[in-house]
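Please arrange chain V on chain H, whose structure you already have, making use of the hints.
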Amino acid sequence: MNYIWAGMMIISLLCALLTGRGEVLSAGLVEGAGESVELLLSILGIMCFWSGMMEIGRRSGLTDMLARLFSPILSLLFPKVPRDSTAMKYMSLNISANLLGLGSAATPFGLKAIKELHRLGGERDEATDSMLLFVVMNTASIQLFPTTLGAYRATYGSEAPFDILPSVWVSSLAALMVGVTVAKVFSCACGHQSRLRG
Amino acid sequence: MEIIIPLVAVGFVVFGLVKKVGVFDAFLTGAKEGLHTAYTIAPTLVGLITAVTMLRESGAIEMLTEAITPLAQRLGFPAEIVPVALLRPVSGGGSTALLVDILERFGPDSFQGRIVSVMAGSTETTFYAIAVYYGAVGVKKTRHTLMSGLAADFTAVVFSVLTVRLFM
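So the sequences go chain by chain: H and V. Per my numbering, the very first residue in the first sequence carries number 1; after that it's consecutive. Per my numbering, the very first residue in the second sequence carries number 199; after that it's consecutive.
Be careful, since some hints might not be right.
Said to hold, decoys possible - Anything over 12 Å on all C-beta distances counts as not near chain V; from chain H, calculated: (1) F70; (2) S71; (3) L74; (4) S85.
To be verified - With beta-carbon atoms standing in for the labels, derived distance ranges: (5) H/N2 <-> V/V216: 47 to 55 Å; (6) H/G7 <-> V/P241: 15 to 23 Å; (7) V/F352 <-> H/G157: 26 to 34 Å; (8) V/A265 <-> H/I10: 29 to 37 Å; (9) H/G7 <-> V/V208: 32 to 40 Å; (10) V/A277 <-> H/G34: 30 to 38 Å; (11) V/K217 <-> H/A6: 18 to 26 Å; (12) H/G7 <-> V/E264: 14 to 22 Å; (13) V/L226 <-> H/S104: 33 to 41 Å; (14) V/V212 <-> H/I10: 52 to 60 Å.
What the hints assert, rightly or not - Interface residues of chain V toward chain H, partial, derived using beta-carbon atoms under 7 Å: (15) V219; (16) T235; (17) A236; (18) A270; (19) F304; (20) P306; (21) A334; (22) H342.
Quick caveat, the hints were computed from the structure, so don't treat them as lab data. Glycine residues also receive a C-beta, built at the ideal position from the N, C-alpha and C atoms.
With the rest of the complex left out, here is chain H:
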């Protein structure tokens, strides 16, 4: 992340100098910093809300039920995470929310999950195989009904806003599988040290 972040800023500056966009870039910097806080504020309320809901789910045993539902797939993908761990429960919640298209709920659930995975991995500043795979799964989209997308398509006069669904499912499943495979293959290739870390 170190080099990527620095690289993005350096490339921006070079490109702006080449194309004579200095002023636009300055505006972009100020605007970007403002935008990020706006984004955070816009998700803050709903994030608190779903975190609250999640605590209700945890105390009532709802998350345990979901975890049991997903445990066959999840324990296959995350062999190093104990079956009954809190991490498994939060990951199940995150996946359920993603499938239902509740993006605003999936993020707080996922954040709880990664905190648990981080704790299991000994709280290092390097991602463990489990954390890495979980983040990759969240960079792919596994939504069954992309409602926002359907709404956009309907707004611009689509005759059948959801006729793209089969394509969306095939594409997202293919993307997810490639992401998981690349993550797994490189986790193995990166050697035995990471295996010890869990």
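Chain V in isolation, oriented as in the chain H frame:
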């Protein structure tokens, strides 16, 4: 479909009541934690989104688009979708703006309109997910996360063109 969000929320509350959980108290505890999480991810978000906006405004994406377009066209990808494909992993807002623009110009049921729709439905903003998740736990060495995420994004782009060609 719109009813699903309140439905799930009320479902949580009712289930809690049935199980005799102090639902409001539980909600407050959880919400407080959510607030703390948001606070922890703020610096990462500011750092990354500022850099992405700079990249977008600097013209780097346009330059890359121009470089890639001839190759993409030869492979059967319409030129219009190239900037969406490039921007999608980096900026959610930016790529949505481009998506809406294409839906408006070509119509949602056109070849281009369908491809960008499928693309938008089958990927998430990879950079954002990485920033938020690793930011929350203070992990700096992300190893091959970005590479795996981008491999998934690339697959989604290829498959959105392929499936629209095949199914529509």
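Verification of the hints:
{"no.": "1", "hint": "F70", "verdict": "holds (16 Å)"}
{"no.": "2", "hint": "S71", "verdict": "holds (20 Å)"}
{"no.": "3", "hint": "L74", "verdict": "holds (17 Å)"}
{"no.": "4", "hint": "S85", "verdict": "holds (16 Å)"}
{"no.": "5", "hint": "H/N2 <-> V/V216: 47 to 55 Å", "verdict": "holds (49 Å)"}
{"no.": "6", "hint": "H/G7 <-> V/P241: 15 to 23 Å", "verdict": "holds (19 Å)"}
{"no.": "7", "hint": "V/F352 <-> H/G157: 26 to 34 Å", "verdict": "holds (31 Å)"}
{"no.": "8", "hint": "V/A265 <-> H/I10: 29 to 37 Å", "verdict": "violated (18 Å)"}
{"no.": "9", "hint": "H/G7 <-> V/V208: 32 to 40 Å", "verdict": "violated (46 Å)"}
{"no.": "10", "hint": "V/A277 <-> H/G34: 30 to 38 Å", "verdict": "holds (32 Å)"}
{"no.": "11", "hint": "V/K217 <-> H/A6: 18 to 26 Å", "verdict": "violated (50 Å)"}
{"no.": "12", "hint": "H/G7 <-> V/E264: 14 to 22 Å", "verdict": "holds (20 Å)"}
{"no.": "13", "hint": "V/L226 <-> H/S104: 33 to 41 Å", "verdict": "violated (19 Å)"}
{"no.": "14", "hint": "V/V212 <-> H/I10: 52 to 60 Å", "verdict": "holds (54 Å)"}
{"no.": "15", "hint": "V219", "verdict": "holds (5 Å)"}
{"no.": "16", "hint": "T235", "verdict": "holds (5 Å)"}
{"no.": "17", "hint": "A236", "verdict": "holds (5 Å)"}
{"no.": "18", "hint": "A270", "verdict": "violated (17 Å)"}
{"no.": "19", "hint": "F304", "verdict": "violated (9 Å)"}
{"no.": "20", "hint": "P306", "verdict": "holds (4 Å)"}
{"no.": "21", "hint": "A334", "verdict": "holds (5 Å)"}
{"no.": "22", "hint": "H342", "verdict": "holds (4 Å)"}
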